[in-house]
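Start from the sequences and build out the full structure, keeping to the hints where you can.
Taken in order, the sequence shown gives residues 1 to 198; the numbers are from full-length UniProt numbering.
Keep in mind the hints are simulated off the structure, nothing from the lab.
For glycine and all other residues, C-beta sits at the position ideal for the given N, C-alpha and C.
One or more hints might be untrue.
Pair ranges (Cβ atoms, derived) [unchecked claim]: (1) Ala100 - Arg74: 24 to 30 Å; (2) Asn124 - Ser154: 44 to 50 Å; (3) Lys61 - Arg138: 48 to 54 Å; (4) Arg74 - Lys36: 52 to 58 Å.
Quick list of in silico lysine-lysine cross-link-like pairs, DSBU-like style, CA-CA up to 30 Å [unchecked claim]: (5) Lys24 - Lys38; (6) Lys36 - Lys24; (7) Lys150 - Lys170; (8) Lys140 - Lys182; (9) Lys38 - Lys54; (10) Lys152 - Lys99; (11) Lys182 - Lys112.
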Amino acid sequence: MNSCIPSKWTSSRYNLPWFNHSLKRLVTRKQRLYNKAKTSGKQNHCKAFRVARKLMHRRLKEDLSNIPDIGYDRIPAIDSLSITTNGVAKQLSLLKTNKASGPDAIPPWFLKEHAAEITPILTNIFQDSIESGTVPSRWKSANVCGVFKKGKKSDPSNYRPISLTCIASKILEHIVYSHVMKHFEHYNILTDCQHSFR
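Written as structure tokens, this is what we have:
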């Protein structure tokens, strides 16, 4: 296990686009003087370190020309989310009926089969949740169950915890996610450097 886990933390400050070669040299010089002052303890070495540190801080504040303009001031605020019955009905029709239900004990097959009657009710609940900024308390809880991965079944560390939340809260989460991602993609907010899931 120790061979797979890194034992040293690395800093990514040198990969920043505004951190140019002269700033890297100043940081290296300051660190070298700091190490020298720490090992020797002499006043002239400590004074040289303080001078180098002040110079580096001053240069960092002055050299703002290399910082790229990300243009956030030109990006408008995200539109208010208006949930429609068609959108909720579409999400209900896409439900997988073999999935487990959450703490509310409403199975997805029930929501899918009775979508015509449930859609207006869920639409009102979703819109009220968006406007008030709160969700029903039952939607905040989850049933946690362990799914076996590999190894001995008697060892608890061989199980992966899965949180089973309410189906209705998953639908609302998907609607909000789609709305936010459309805004991000329309104004090209997420760059190619953005990692992880989208």
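Hints and how they fare:
1. Ala100 - Arg74: 24 to 30 Å: violated (45 Å)
2. Asn124 - Ser154: 44 to 50 Å: This hint holds: roughly 48 Å between Cβ atoms.
3. Lys61 - Arg138: 48 to 54 Å: holds (52 Å)
4. Arg74 - Lys36: 52 to 58 Å: Hint violated: Cβ distance 47 Å, outside 52 to 58 Å.
5. Lys24 - Lys38: Distance of about 21 Å is within 30 Å: holds.
6. Lys36 - Lys24: holds (18 Å)
7. Lys150 - Lys170: holds (28 Å)
8. Lys140 - Lys182: holds (26 Å)
9. Lys38 - Lys54: holds (17 Å)
10. Lys152 - Lys99: holds (26 Å)
11. Lys182 - Lys112: holds (26 Å)
Against the hints set out earlier in the document, violations occur for numbers 1 and 4.
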